[in-house]
Amino acid sequence: MSNEKYLEVKNLTVEYVTSEETVYAVNDVSFGIEKGKTLGLVGETGAGKTTIARSILRILPVPPAVVKGGEILLNGKNLMELPESEMCKVRGRDVTMIFQDPMTALNPTMRVGDQIAEVILHHENLSKKEGRKRAEEMLEMVGIPAERYEEYPHQFSGGMKQRVVIAIALACNPDLLLADEPTTALDVTIQAQVLEMMRDLHARKNMTMILITHDLGVVAEMCDDVAIVYGGEIVEMGTLRDIFKHPSHPYTVGLFGALPDLESDRHRLTPIEGLPIDPTLQITGCKFKPRCPYATEECGKAAVQAQELTPGHFCKCLYPRKEVR
Amino acid sequence: MLRYILKRLLLIIPIIVGSIILVFTIMYFCPGDPATMILGAEATEEQIYELREKMGLNDPYIVRLGRTLWSYARLDLGTSYVTGRPLTEELALRIPNTLRLSLIGIVIGLLIGIPLGVTSAVHHDEPIDYIGMLIALVGISMPGFWFAMLMVTLFAVKLRWLPPFGVGGIRYWILPILSSCLGGFAGNARQARSSMLDVLTSDYVVMARAKGLPEKEVIWKHALPNAMLPIVMMIGGAMAMSIGGGMIIETVFAIPGVGFFLADSISNRDYIAIQSCVVVIGMVFTLMMLVTDLMMAAIDPRIKDQFSSRKRKKAKKV
Chain A
1187 MSNEKYLEVK
1197 NLTVEYVTSE
1207 ETVYAVNDVS
1217 FGIEKGKTLG
1227 LVGETGAGKT
1237 TIARSILRIL
1247 PVPPAVVKGG
1257 EILLNGKNLM
1267 ELPESEMCKV
1277 RGRDVTMIFQ
1287 DPMTALNPTM
1297 RVGDQIAEVI
1307 LHHENLSKKE
1317 GRKRAEEMLE
1327 MVGIPAERYE
1337 EYPHQFSGGM
1347 KQRVVIAIAL
1357 ACNPDLLLAD
1367 EPTTALDVTI
1377 QAQVLEMMRD
1387 LHARKNMTMI
1397 LITHDLGVVA
1407 EMCDDVAIVY
1417 GGEIVEMGTL
1427 RDIFKHPSHP
1437 YTVGLFGALP
1447 DLESDRHRLT
1457 PIEGLPIDPT
1467 LQITGCKFKP
1477 RCPYATEECG
1487 KAAVQAQELT
1497 PGHFCKCLYP
1507 RKEVR
Chain B
288 MLRYILKRLL
298 LIIPIIVGSI
308 ILVFTIMYFC
318 PGDPATMILG
328 AEATEEQIYE
338 LREKMGLNDP
348 YIVRLGRTLW
358 SYARLDLGTS
368 YVTGRPLTEE
378 LALRIPNTLR
388 LSLIGIVIGL
398 LIGIPLGVTS
408 AVHHDEPIDY
418 IGMLIALVGI
428 SMPGFWFAML
438 MVTLFAVKLR
448 WLPPFGVGGI
458 RYWILPILSS
468 CLGGFAGNAR
478 QARSSMLDVL
488 TSDYVVMARA
498 KGLPEKEVIW
508 KHALPNAMLP
518 IVMMIGGAMA
528 MSIGGGMIIE
538 TVFAIPGVGF
548 FLADSISNRD
558 YIAIQSCVVV
568 IGMVFTLMML
578 VTDLMMAAID
588 PRIKDQFSSR
598 KRKKAKKV
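Same order as they appear, the protein sequences are chains A and B.
Residues 1187 to 1511, numbered by our numbering, are exactly what the first sequence covers, in order.
Residues 288 to 605, numbered by our numbering, are exactly what the second sequence covers, in order.
No wet-lab data here; the hints were simulated from the structure.
Just so you know, not all the hints are guaranteed correct.
Chain A is faced by these chain B residues, among others (derived, beta-carbon under 8 Å) [to be verified]:
(1) Thr406
(2) His410
(3) Leu446
(4) Arg496
(5) Ala497
(6) Leu500
(7) Pro501
(8) Asn513
(9) Ala584
(10) Ala585
(11) Asp587
Pair by pair, the computed Cβ-Cβ distance ranges are [unchecked claim]:
(12) Pro1462(A) / Phe432(B): 55 to 61 Å
(13) Val1203(A) / Ile457(B): 41 to 47 Å
(14) Ile457(B) / Met1289(A): 48 to 54 Å
(15) Pro1249(A) / Ala443(B): 43 to 49 Å
Glycine residues also receive a C-beta, built at the ideal position from the N, C-alpha and C atoms.
Hey, can you work out the whole structure from these sequences and the hints?
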């Protein structure tokens, strides 16, 4: 991999510690993105995708979240070591986030336009009037008439709320956008609109983007690189082509097996057997072993190291598959 | 909005009429005869009968009820059996004292209670939280009148800094107001803490942080307005409580307010005075509830929308 990564996450480990149990949410995750690229973080619910994104912004709920270690380098600057006041300047300006659930992401007691203007006024030295003007422009950009500035979130539909959330995220022209399942809470037609809009904006602004999703279709449309997350670890990572043409980790293969295929006559999909691992257990060796059809004794003995199959294509498996889709 | 307020004010009329009928009926069935009480135990049958006739007590229930309602409609609350003075006048003198005591008590209770609760919520599970909640627990567990008596013993009797009872300058109000805000502040603190804790984990608060806002702004600008709703709802109840329940504090400090007057009337069996007090307290109560609802509408646009007329709402959705 090349050295000019815009964002680099190194050995990130996050746990949620309560008096009853410890949840090992993110375990030694490392990845990087080049400027202007889009990385897809794909995995099941509870795999730790959102935790990874929130750790980058340092907005994890503390307690119970504890960042056990790791570095997050943004343009070579370690965000983990920044004082809170500096971090406040990064959030919302350099790095922003689109939240998963538009229904709850907006403050119900504040006017929609003010919620956009707020982030602009906070980061840029503008008068209130200019801030309002910029916020109105942002509303227009995401396809909402500027006259609706004065309205409150409950007067907006779900898709429009998500547009507002996107407008807030893009208001200060961020360099890095963390999109946490931006379309999961929306219905299919609105999903298509929102994705179309995001792709358009992404192309225009040359942003770097991390797209968190469990929808491989969305990944295929939007991403340059893909990282597959399972049990708080990245089990496979590579370019879109690497992952879609040569899925190597049995879990990735399983994910594709569970996708409906319009061209074949199969009526049943092939599910991945078993359930996602209990994140409160500390497991040595491969976390996918209990569900893996190819597992051997060897898999449970020691932590599996990532191996580079082809340049840039990493896989955390002792027996990577070699099929071509 | 104005239409809504007018509508609510008009709705108060049936509530008042209902409460008058209710109180009147209860009083009607109560044992004890005002005429006997006014004339004393030595009065003859004849004298009593004559007075009853004069006061209209021999008339049937429905006639007396009608007469009562009519006189209330003319803002005439009747004449006290005991003092012989018009009750409208008596109450007009006392209501300001009661309102002063309860409103100042509530405002102080809010000004101390909310910051205490918010601080506790923000420092959840830290020593500050434990100390704050211990104070609130003590406050909520201690009966107001007992606290009042302790304070009188300390500040009025032992230290002689403040007068023990009566009305006069500001010095006379310090102890009563302190005792009346005690329960309110503790309740507010606990409510503020629990609703803040709820709100602090909500998505829009995380979002506010993700915007890069400093924590102070996140808490006071984004979290608190949303946490205020249950607090305001509680204030309405607290206002009503302290007006009715001001009775105890007013009695302890001998403050001529509605509560004290009510207590006095009860012990004198001054039925008509009791009736007037209850109706007036009921009226203040409904007004307080209206004020609470308006405050909620001011905080939450969703509630405000329900208040504004249907037509406008429909027009907006299009």
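Each hint, compared with the structure:
1. Thr406: Nearest chain A Cβ about 17 Å off; hint violated.
2. His410: violated, 12 Å
3. Leu446: violated, 45 Å
4. Arg496: holds, 5 Å
5. Ala497: Because about 5 Å separates Ala497(B) from the closest Cβ in chain A, which is inside the 8 Å limit, the hint holds.
6. Leu500: Because about 6 Å separates Leu500(B) from the closest Cβ in chain A, which is inside the 8 Å limit, the hint holds.
7. Pro501: holds, 6 Å
8. Asn513: holds, 6 Å
9. Ala584: Where the cut-off is 8 Å and the nearest Cβ of chain A is about 11 Å from Ala584(B), the hint is violated.
10. Ala585: Violated. Min distance 10 Å.
11. Asp587: The hint holds - Asp587(B) has a Cβ within 8 Å of chain A, the shortest such distance being about 6 Å.
12. Pro1462(A) / Phe432(B): 55 to 61 Å: For Phe432(B) against Pro1462(A), whose Cβ atoms are near 59 Å apart, the range 55 to 61 Å holds.
13. Val1203(A) / Ile457(B): 41 to 47 Å: violated, 53 Å
14. Ile457(B) / Met1289(A): 48 to 54 Å: 51 Å Cβ-Cβ, so the 48 to 54 Å window holds.
15. Pro1249(A) / Ala443(B): 43 to 49 Å: Since Pro1249(A) and Ala443(B) have Cβ atoms about 47 Å apart, the given range 43 to 49 Å holds.
Hint check: violations occur at hints 1, 2, 3, 9, 10 and 13; the rest are consistent with the structure.
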